[in-house]
Amino acid sequence: MKSITRQKPFKEIQEQLGVFDRLFIVGCGTCATVTQTGGIDQVTEMKDRLQELGKRVTGWTVIPIACDEMTEESMKENKRAIEEADCILVMSCALGVHRVSLYIDRPVIPALDTLFLGVEDTPGFFREVCAQCGQCILGQTAGICPLTMCHKGLVNGPCGGTNNGKCEVDNEKDCAWTLIYNRLKEQGRLDLMRKYQPPHNFQAAPRPKTLKIS
Amino acid sequence: MTSSFKEVLDSGRFVVTSEIAPPKGTNLETMLHHIELLKDKVDALNVTDHQSSVMRFPSIGGCLAIKENGGEPILQMTCRDRNRMALQAELLLAYSRGIRNVLCLTGDAIPVGDHKEAKGVFDLDSVQLLRAVHLLESGSDMGGNELDGAVEFCAGAIVTPEANPIEPQLIKFEKKVESGAVFFQTQAVYDLDNFARFMQHARRFPVKILAGIVLLSSARMARYMTENVPGIFVPQDLIDEMATAPKGEALTRGIEIAGRMIAALKKESICDGVHIMAIGKEEVVPDILAAAGL
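These protein sequence lines map, in sequence, to chains L and D. In this text, residue positions in the first sequence follow our numbering: the first is 1, and each later residue adds one. In this text, residue positions in the second sequence follow our numbering: the first is 1, and each later residue adds one.
Calculated directly from the structure, the hints in this document are not laboratory data. Because the structure is a prediction, the values reported are computed rather than measured. Positions of the beta carbon are idealized from the N, C-alpha and C atoms, including for glycine. Be aware that one or more of the hints could be misleading.
[Said to hold, decoys possible] Straight-line distance between alpha carbons at most 30 Å, and here's what the computed DSS-like set of lysine-lysine pairs gives: (1) D:Lys39 <-> L:Lys173; (2) D:Lys119 <-> L:Lys195; (3) L:Lys8 <-> D:Lys6; (4) L:Lys195 <-> D:Lys247; (5) D:Lys119 <-> L:Lys173; (6) L:Lys11 <-> D:Lys24; (7) L:Lys2 <-> D:Lys6.
[What the hints assert, rightly or not] Covered by chain D, according to a simulated footprint, are these stretches of chain L (three or more residues, beta-carbon under 8 Å): (8) 55–64; (9) 148–162; (10) 172–183.
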């Protein structure tokens, strides 16, 4: 499982930086390195680009896992360079951006958009397979989540837009219900598809979601 | 007062419905003209619900206009734009204003429409919406609360007889039947042999099936539909027939084809009726009916 990110358009990053001239850049050694959006290469490339624009980069670091407690340590280690900066540009997913914001009083600016939590199907191809809805029905849908993989999140079978196994929204994408149908058929479990699925409980874990292990 | 459309469905005679597209804006002139033109020529008129995810005057507004003009409306309700609370509320409003027929649809996806950044709701799907209709009829809402005044609808749904693969579509069709759909309007059909095969399956269920007839207005449109619209198959001989129409006569040819198909469906008792979709050419629906001998 990885937090999948995409770099924001450079123009948007520039706009967010606005009048800030001095900045510190943070990358992430885990997911954003795998997706090539916040690893060492991307961080140094961003540094060079911003310096070309006349910005002053007071320092940079790639935290091994930007979303966990090591971030605090890393912020302390880089205290001096961070204090010299007007803001922190974070090249990690939003979990890392949030984490960084907890430990410093400088404005934190995301350089990436966080798209989804996904798996790497083939090298360089990431796919969302779970929407983390809090009410798993994979046992009835042959391990394929229609809430995630059907564009409309339909739980009672395909819509009329299904087209030769592809989705009406994007013919490069598989119709989730054709996949589910094929697999259930193979397993001799089509009765599961015939079963009425009641409306989804969208408050199974109400937002903001929290969990405390007692 | 129950649905007069339901009485027609139960009468066993060949049923004809058509549909009205509300305007983009508040100028209702064309829509009202089409209502006036068609309300006495068909058994009921659907009003589309932001068809193709394009924002328009609402379906319920069109249905009220039909009602005010003495016609029989079928309220199309998609699950795309309203959550379960809004859907139920609109059903209460519809019933209170004399609307007695509802067609429950999933709805097209947001990205195909003209508000591409909108949030697609899909809190319910079409099967769950059918159940919600019946729950409201029983006097309760989806929250388990009692209603002060229930509803009564003739509920319908859609099915795509040319879907590929067909079995998932048939499973969903059966779920819709079990969830209380009493009539079905199909996606456009052009190949009557394929459709007759679908009907052999559908006949096992106690529901009325109205074949979807989409008027062909040109060979180009026929080709476009068969190549691009999921679940629509236009046989090559029909495309050729459209292509060989004399210049300026393609629409007339399309009307002939639609009329011929309707007449065949009726004569051979293949299904229980037709749903005519003229898509912007509502003006010629009476000509299609005449061509069909209706």
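Hints versus structure:
A C-alpha spacing of about 42 Å is found between Lys39 of chain D and Lys173 of chain L, which places the hinted pair above 30 Å, so the restraint is violated. Only pairs whose Cα atoms come within 30 Å are accepted, and Lys119 of chain D paired with Lys195 of chain L is accepted, the gap being roughly 28 Å. A threshold of 30 Å between alpha carbons decides the hint, and for Lys8 of chain L with Lys6 of chain D the separation of about 55 Å lies outside it, so the pair is violated. Proposed proximity of Lys195 of chain L and Lys247 of chain D is contradicted: the alpha carbons are some 53 Å apart, above 30 Å.
Distance hint between Lys119 of chain D and Lys173 of chain L is fulfilled; the C-alpha atoms sit about 20 Å from each other, no more than 30 Å. Our distance criterion of 30 Å between C-alpha atoms is broken by Lys11 of chain L and Lys24 of chain D, whose separation comes to about 35 Å. Annotation: proposed proximity of Lys2 of chain L to Lys6 of chain D is violated, straight-line Cα distance about 54 Å (limit 30 Å). Three residues within the 8 Å Cβ limit are the bar, and the region 55–64 of chain L against chain D gives 0, so the coverage statement is violated.
Under the rule that three or more residues need a Cβ within less than 8 Å of chain D, the assignment of the region 148–162 of chain L holds, with 12 such residues. Closer than 8 Å: that is the beta-carbon criterion, and the region 172–183 of chain L has 3 residues meeting it against chain D, so the requirement of 3 holds.
Comparing the model with each earlier hint shows violations of hints 1, 3, 4, 6, 7 and 8; every other hint is respected.
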